[in-house]
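Colleague: Whole structure, please, built from the sequences with the hints as guidance.
Below are the chains, spelled out letter by letter.
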Amino acid sequence: MVYALNPSAEPATASTDISQVLTPDGVRVENVELDSYLESVTPQEVLALYRDMAIVRRIDKEGFSLQRQGQLGLWAPSLGQEAAQVGTARALRDSDFVFPSYRETGVIYVRGAEDRDFVGTWRGETNSTYDPYRINTATMQIITGAQTLHAVGYAMGITADNADDVAVTYFGDGASSQGDVNEAMIFASSFKAPVVFVCQNNQWAISEPVRVQSEFPIAGRAPAFGIPSMRVDGNDVLACLAAMRWATEHARNGHGPAFIEAVTYRMGPHTTSDDPTRYRDEAELDSWRQRDPLDRVEKYLRDLGVLTEAAEAEIAAEADRVGAAVREAALTMPNRAPMEVFDHAYATPHTGVDAERRAYAAYLAQFEGGAA
Amino acid sequence: MVYALNPSAEPATASTDISQVLTPDGVRVENVELDSYLESVTPQEVLALYRDMAIVRRIDKEGFSLQRQGQLGLWAPSLGQEAAQVGTARALRDSDFVFPSYRETGVIYVRGAEDRDFVGTWRGETNSTYDPYRINTATMQIITGAQTLHAVGYAMGITADNADDVAVTYFGDGASSQGDVNEAMIFASSFKAPVVFVCQNNQWAISEPVRVQSEFPIAGRAPAFGIPSMRVDGNDVLACLAAMRWATEHARNGHGPAFIEAVTYRMGPHTTSDDPTRYRDEAELDSWRQRDPLDRVEKYLRDLGVLTEAAEAEIAAEADRVGAAVREAALTMPNRAPMEVFDHAYATPHTGVDAERRAYAAYLAQFEGGAA
Amino acid sequence: MTTMTMGKALNQALRQAMTDDDKVVLMGEDIGPLGGVFRITDALQDEFGERRVIDTPLAESGIVGTAVGLAMRGYRPVVEIQFDGFVYPAFDQIVCQVAKLHYRTLGRVKMPITIRIPWAGGVGAAEHHSESPEAYFVHTAGLRVIAVSNPQDAYTMLQQAIACDDPVIFLEPKRLYHAKGEVDLDAHHTDAAPMGLARVAREGSDVTVVTYGAQVKTALDAAEAASDEGVSIEVIDLRSLSPIDYPTIDASVRKTGRVVVTHEASREAGVAAEVIASITERCFDWLETAPVRVTGHDIPYPPSKLEKQHIPDLDRILDGVDRALGRRNSMTGVEL
Amino acid sequence: MTTMTMGKALNQALRQAMTDDDKVVLMGEDIGPLGGVFRITDALQDEFGERRVIDTPLAESGIVGTAVGLAMRGYRPVVEIQFDGFVYPAFDQIVCQVAKLHYRTLGRVKMPITIRIPWAGGVGAAEHHSESPEAYFVHTAGLRVIAVSNPQDAYTMLQQAIACDDPVIFLEPKRLYHAKGEVDLDAHHTDAAPMGLARVAREGSDVTVVTYGAQVKTALDAAEAASDEGVSIEVIDLRSLSPIDYPTIDASVRKTGRVVVTHEASREAGVAAEVIASITERCFDWLETAPVRVTGHDIPYPPSKLEKQHIPDLDRILDGVDRALGRRNSMTGVEL
Ligand SMILES: Cc1ncc(C[n+]2csc(CCOP(=O)(O)OP(=O)(O)O)c2C)c(N)n1
Ligand SMILES: Cc1ncc(C[n+]2csc(CCOP(=O)(O)OP(=O)(O)O)c2C)c(N)n1
Ligand SMILES: [Mg+2]
Ligand SMILES: [Mg+2]
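Chains as they are written, first to last, in this note's numbering: chain A, 1 to 372; chain B, 1 to 372; chain C, 1 to 336; chain D, 1 to 336.
Hints listed in this document are in silico derivations from the structure and should not be mistaken for laboratory results. Here the structure is a predicted model, which is why all the values come from computation and not from measurement. Just so you know, even glycine gets a beta-carbon here, dropped at the ideal spot from N, CA and C. One or more of the hints may lead you astray.
The calculated label-pair distances, taken between Cβ atoms and stated as ranges, are [as the list claims (entries may be wrong)]:
id: 1; chain 1: D; residue 1: Lys308; chain 2: C; residue 2: Pro247; range: 52 to 60 Å
id: 2; chain 1: C; residue 1: Lys308; chain 2: D; residue 2: Arg328; range: 25 to 33 Å
id: 3; chain 1: B; residue 1: Leu331; chain 2: C; residue 2: Val334; range: 51 to 59 Å
id: 4; chain 1: A; residue 1: Pro349; chain 2: D; residue 2: Ala187; range: 49 to 57 Å
id: 5; chain 1: A; residue 1: Asp320; chain 2: D; residue 2: Asp21; range: 57 to 65 Å
id: 6; chain 1: B; residue 1: Ala337; chain 2: A; residue 2: Arg278; range: 56 to 64 Å
id: 7; chain 1: B; residue 1: Ala337; chain 2: D; residue 2: Asp186; range: 42 to 50 Å
id: 8; chain 1: A; residue 1: Asp343; chain 2: C; residue 2: Thr332; range: 47 to 55 Å
id: 9; chain 1: C; residue 1: Leu336; chain 2: A; residue 2: Met339; range: 24 to 32 Å
id: 10; chain 1: B; residue 1: Leu331; chain 2: D; residue 2: Asp20; range: 33 to 41 Å
id: 11; chain 1: C; residue 1: Lys255; chain 2: D; residue 2: Glu335; range: 14 to 22 Å
id: 12; chain 1: C; residue 1: Glu335; chain 2: D; residue 2: Ser232; range: 27 to 35 Å
id: 13; chain 1: C; residue 1: Ala179; chain 2: B; residue 2: Asn335; range: 21 to 29 Å
From chain B, some residues computed to sit far from chain A (all C-beta separations above 12 Å) [to be verified]:
id: 14; residue: Ala48
id: 15; residue: Gly70
id: 16; residue: Ser177
id: 17; residue: Asn182
id: 18; residue: Glu215
id: 19; residue: Arg221
id: 20; residue: Ala329
id: 21; residue: Pro334
id: 22; residue: Glu340
Modeller: And the structure:
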């Protein structure tokens with residue numbers, strides 16, 4: 001038996017065969033795969049999604065400018081990926097558990113992150129801010145792909161508990177090349193773990209276009225491991241919501257893992273340290289501006305008459321409020337005391353670190369009286 | 001776009017959809033995919049393949065018994081996998097480069113290994129025996145899957161040299177779960193490297209049946225990475241030869257990597273340290289005995305009248321000669337001198353190791369006069 | 001007290017830990033029907049089922065990475081790495097995740113993972129089957145590292161490791177798997193000496209020999225041989241390599257003034273370097289001679305027929321003892 | 001002589017090496033059009049093409065594993081690991097393959113791979129971007145380890161590393177990338193001091209401070225400050241961490257009798273432990289006081305706002321110097 005190239009072997013960047021329900025012009029189109037997952041969605045709910053995205057975009061703007069002002073060490077913009085993040089995350093239950101990467105500002109917003117949670121880590125005060133168990137969301141992962149295995153293990157635990165939660169992991173097109181991500185699919189498949197893989201293919205891994213990782217759709221890899229997958233327009237919040245409902249339903253009902261590739265675009269730099277002019281054309285960015293995830297919902301909701309002036313004002317006000325609160329949280333964040341550098345290295349007493357802690361305390365004590 | 005489960009999603013152990021040209025009963029059947037690669041094969045050439053397999057089986061028997069007699073520390077039997085190894089390796093040019101795992105006795109035999117090369121490492125005298133550049137075959141790899149990346153890198157070098165060699169890597173069904181093997185496919189695809197992946201799915205990774213790694217055909221994974229693949233009867237030496245001709249032709253002509261899953265069976269224990277009765281039924285082994293890779297060629301050649309009594313006697317004699325030579329090589333292998341333990345840790349002088357070497361020489365010198 | 005092999009003691013410890021706490025799950029390659037290549041998990045899958053004794057796909061990063069997720073869900077995974085040389089594919093998950101998650105999350109996420117590693121050489125194995133990677137883990141903050149040397153410690157300390165809320169690298173010397181000893185199966189691990197303490201394996205007054213794992217036996221043999229020649233060696237079994245129990249070492253070194261540290265791992269930046277640097281800091285005024293290292297060489301692990309040139313044996317330890325005593329030894333007159 | 005940053009010197013070294021030998025190829029993430037996140041490969045893809053400056057998929061094991069294959073085919077790959085904390089996925093390929101292949105094959109297969117790592121902290125970076133993994137590599141037999149501290153060494157030693165037939169881990173202190181210095185671009189690397197030698201960065205007579213990488217600058221600053229108080233510090237820049245140039249250290253310690261070893265990496269089983277254990281072995285009779293370690297703590301690398309509590313600064317080094325001098329210091333009266 002010869003296996004030909006993957007039957008849907010369009011280059012990974014091609015936009016054909018990507019499921020959509022809302023066109024860039026804000027027109028709701030029929031989609032046999034997704035429509036059934038959207039039947040119950042009311043215009044007010046779509047408005048709520050739009051509101052989420054607007055707030056997330058505002059947080060992102062705030063984070064960016066805080067970094068530029070020297071208040072944060074770094075910021076990884078989610079600009080352009082609001083639909084992929086909000087749409088998928090809004091399909092989850094509180095009791096599901098999410099394993100995001102560093103770029104998922106929109107996801108942690110939906111999960112219930114507090115103002116300071118968006119900035120504490122980027123400010124360098126802590127390596128994480130929120131309590132993972134409070135919002136059932138792991139610390140944003142920096143090692144590309146490592147979190148996908150954690151999600152699978154967590155999902156194996158869900159199975160062992162006979163629970164019907166799902167675990168969800170977010171990662172990028174670049175991360176899909178990591179051994180860990182592939183092993184995660186293999187483990188998930190073998191153990192029929194209730195886990196959903198969400199790959200945000202934002203076309204770039206820092207300066208590398210997605211074709212360096214794959215000439216073919218990343219979504220096409222999952223089925224080879226026995227995992228059904230869906231490739232959706234990641235700038236279409238309804239498509240993302242629907243796809244995620246499909247995926248979580250699949251996983252929650254004991255059918256094992258599911259995979260979503262959300263085709264989107266990183267409209268900003270990789271991080272505030274990056275200079276995308278060195279590797280990508282303004283024209284490409286422009287073409288994606290035409291597919292902005294907020295614009296199309298705005299048009300759609302205006303046409304429906306749901307995005308009234310009042311609603312718009314309320315959203316703007318709330319976005320501003322959250323933006324200001326995030327800024328305030330950054331600016332008023334207390335500095336941690338020097339000796340806290342030792343805290344939590346171990347959960348139980350470790351004589352080695354304890355001795356170092358004493359020695360360092362003695363060292364610091366010298367300076368109190370101005371000595372040494 | 002929804003990707004369903006892989007279209008040919010039979011469990012990885014199923015024998016349907018496996019390309020065959022010689023049935024277990026020794027009947028040559030038509031095969032549209034493979035026949036064109038076999039047109040030029042003469043009965044004498046098939047006899048030569050049979051001879052190879054018989055000799056490899058004899059070497060394996062010798063290795064096994066040498067281990068049982070305490071002459072080798074370990075032996076990893078290739079029993080049952082002779083067709084997969086000989087058939088694929090015989091499709092190569094001398095200038096191609098092979099990256100095998102520890103079980104590829106048949107492959108290194110075909111590549112030109114000398115008598116002592118089969119046993120030196122298992123005896124524990126050296127971590128490798130043959131010079132990789134003499135037989136264009138890397139040291140048999142023990143870290144599962146690691147060699148697949150080496151093959152891809154080597155193939156990238158072939159491309160850079162504008163040469164038309166191919167690199168080939170052998171690995172098992174178990175190894176296919178390693179991140180490295182998946183990364184190897186990703187790199188191979190991205191760089192269109194002239195490399196052929198040969199996965200010998202021998203149904204077991206030590207005690208784990210292949211379904212622990214995959215419920216679906218391993219060959220089905222490659223296309224998802226953009227690599228065409230073929231699933232062949234690994235106990236059919238002609239099918240293996242043909243598939244490898246297809247794969248090398250593909251790679252040699254600039255079309256990038258190709259993948260072969262040779263479905264076969266490990267008829268012996270994992271190694272001489274293993275006790276398969278703890279995890280598998282005799283009945284399963286029996287069913288595979290019916291599909292023995294040598295038997296079917298024997299029948300086929302007898303029917304053709306090519307395997308004459310004289311030919312049979314010659315093969316038996318040669319197998320015995322090689323077996324005896326391998327035994328002799330093991331028994332007469334010189335012990336390496338104690339100080340050789342330091343040799344080749346570095347290619348250029350390293351003051352740290354050099355100092356240790358001097359110190360250890362001084363230490364050993366004490367014993368020469370019976371002192372200390 | 002029951003006499004049993006270290007392998008059996010470990011098996012009993014796993015059984016006990018799984019009985020005591022149903023959050024304990026075992027993961028690894030071939031640990032199910034086969035019972036592991038060393039049979040340490042023998043019969044446990046039969047007893048506790050496939051959900052608690054999990055044969056995993058062949059991918060060490062996958063095993064440790066999924067163990068992290070299970071730990072986050074409240075489980076206490078006990079991972080078996082099949083051989084020491086196969087832990088490296090999991091190194092990233094161990095160093096960046098297992099070791100750092102508690103620190104990263106300000107203590108909110110616990111990582112009670114035990115990573116069992118059949119460890120080190122001397123069994124005539126093939127390449128990659130005789131590695132001594134302990135220094136990598138000792139240098140990795142956030143991990144605890146245990147190396148056992150006898151069935152009783154194996155039984156007690158494996159249970160302690162599993163019960164510990166920190167991640168533990170648990171090293172099991174392969175060449176002692178079949179060595180027998182007395183084990184008190186009834187004693188509860190919480191009543192035993194805590195996991196972080198060293199043990200004076202033999203008292204002596206002239207020279208302190210510090211070691212761990214299978215080398216403890218070699219050191220004890222050396223001590224016995226030395227006593228015939230009137231040299232009294234104190235042998236310290238570290239048991240815990242992170243943290244290291246310096247008070248116990250200090251007491252010995254301050255008594256003897258002379259110390260030899262021996263292990264099978266390579267020397268450069270190995271555990272012996274750590275022990276000697278710390279002893280020198282802590283006991284400088286008590287030292288009569290320079291502390292001596294007797295270790296494996298700085299070479300890749302050699303083929304098995306040469307491994308006896310690599311693993312320090314009784315004679316090499318005694319040569320080191322002579323050096324610590326300022327007696328004639330192999331280095332006399334040799335430039336370092 | 002030209003004044004340039006260390007980053008620029010490295011870029012020039014790569015250009016020179018690629019010009020000298022067309023078997024030299026560069027591999028890594030974002031090293032092409034972007035020129036690497038630190039611009040060390042700036043403009044090289046334009047100059048040498050996509051086949052010699054290769055943007056790879058995002059997988060470190062894949063990068064190093066394919067480099068092994070390229071080396072077997074006769075190439076001299078120079079791998080860039082984007083940040084120190086991302087080397088761990090490649091650890092298996094480095095430890096089991098890169099380090100061991102020459103030994104495994106009885107010298108038949110050479111592994112002339114250079115693995116460049118932007119290294120260590122002090123730049124206010126996010127987690128995993130400030131790691132000091134050097135001890136892992138120093139402990140790994142078969143590897144050479146280089147840590148540079150100035151543009152001239154960066155320029156010369158990177159070329160030496162690439163020309164070396166052994167694999168070299170080449171550590172580039174991130175916080176010195178923008179530090180400037182004089183570089184002789186015309187001198188040939190074969191005329192310079194061999195890669196394995198240390199360098200006396202400042203002569204002194206009272207205390208020897210041994211260090212490497214970015215800490216060399218801190219140590220020199222400390223020496224300057226100490227000289228104001230009449231203490232003469234000799235600073236040794238190790239340059240090579242494997243092998244370590246003990247003759248140079250010995251000469252200094254035998255002169256001063258007092259030694260401080262400082263690095264930013266964690267202390268337990270770190271490079272300082274190795275240096276001190278060796279100094280003690282080699283120079284015991286010359287030591288006036290116990291050698292002192294001034295290192296990072298045994299904690300995961302802290303968040304950036306706390307990193308100044310972790311990286312030893314001038315004051316901590318001087319405190320260590322006081323200890324080596326037997327003067328009042330922070331540990332006076334404190335139990336270890
Ligand atoms: C193991 C590892 N290697 C390298 C990096 C450096 N790095 C950070 S993000 C990134 C690109 C990731 O691209 P992608 O997965 O597509 O996610 P995106 O940033 O586009 O959201 C790289 C190379 C890392 N964080 N971890
Ligand atoms: C990285 C690594 N992990 C574990 C092992 C131990 N091990 C050796 S062979 C083997 C099973 C391999 O199975 P498979 O890939 O199917 O090859 P086969 O032995 O069947 O030829 C295992 C687990 C290893 N050699 N390397
Ligand atoms: Mg991306
Ligand atoms: Mg197999």
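Colleague: For each hint, tell me whether it holds in the structure or not.
Modeller: Hints and how they fare:
1. Roughly 31 Å separates the CB atoms of Lys308/D and Pro247/C, a value that falls outside the hinted 52 to 60 Å.
2. Taking 25 to 33 Å as the suggested C-beta distance range, the pair Lys308/C and Arg328/D does not conform, at roughly 51 Å.
3. Here the CB-CB span from Leu331/B to Val334/C is close to 38 Å, at odds with the stated 51 to 59 Å.
4. Judged by the Cβ atoms, the range 49 to 57 Å given for Pro349/A and Ala187/D holds: they are separated by roughly 55 Å.
5. The supplied range of 57 to 65 Å is met by Asp320/A and Asp21/D, whose beta-carbon atoms lie about 59 Å from each other.
6. Distance hint for Ala337/B and Arg278/A: a CB-CB separation of about 57 Å, consistent with the stated range 56 to 64 Å.
7. Evaluation of the 42 to 50 Å hint for Ala337/B and Asp186/D yields a pass: the beta carbon distance comes to about 47 Å.
8. Under the hint 47 to 55 Å, the C-beta atoms of Asp343/A and Thr332/C, about 50 Å apart, fit the expected range.
9. Our hint of 24 to 32 Å for Leu336/C and Met339/A is violated, since their Cβ atoms are close to 41 Å apart.
10. Remark: the range hint 33 to 41 Å for Leu331/B to Asp20/D is contradicted by a beta-carbon distance near 50 Å.
11. For the pair Lys255/C and Glu335/D, the beta carbons lie near 18 Å from each other, so the given range of 14 to 22 Å is met.
12. Remark: the range hint 27 to 35 Å for Glu335/C to Ser232/D is upheld by a beta-carbon distance near 29 Å.
13. Between Ala179/C and Asn335/B the Cβ separation comes to about 28 Å, which falls inside the hinted range of 21 to 29 Å.
14. With a cut of 12 Å on Cβ distances, Ala48/B stays outside the contact zone with chain A, its closest approach being about 27 Å.
15. Chain A leaves Gly70/B outside its interface by the beta-carbon criterion, the shortest separation being 39 Å against a cut-off of 12 Å.
16. Ser177/B, annotated as away from the interface, has a beta carbon of chain A within 12 Å; the closest lies near 5 Å.
17. The beta carbon of Asn182/B is not kept farther than 12 Å from every beta carbon of chain A, the shortest such distance being approximately 4 Å.
18. In this structure Glu215/B is not separated from chain A by more than 12 Å, as the shortest Cβ-Cβ distance comes to only about 5 Å.
19. For Arg221/B, the non-interface assignment is contradicted: its Cβ lies about 4 Å from the closest Cβ of chain A, within the 12 Å cut-off.
20. Every C-beta of chain A lies more than 12 Å from that of Ala329/B, the closest at about 38 Å, which supports listing it as non-interface.
21. Remark: the non-interface label on Pro334/B is consistent with the geometry, its nearest Cβ contact in chain A lying 41 Å away (cut-off 12 Å).
22. Listed as outside the interface, Glu340/B is consistent with that label: its C-beta sits roughly 36 Å from the nearest C-beta of chain A, beyond the 12 Å cut-off.
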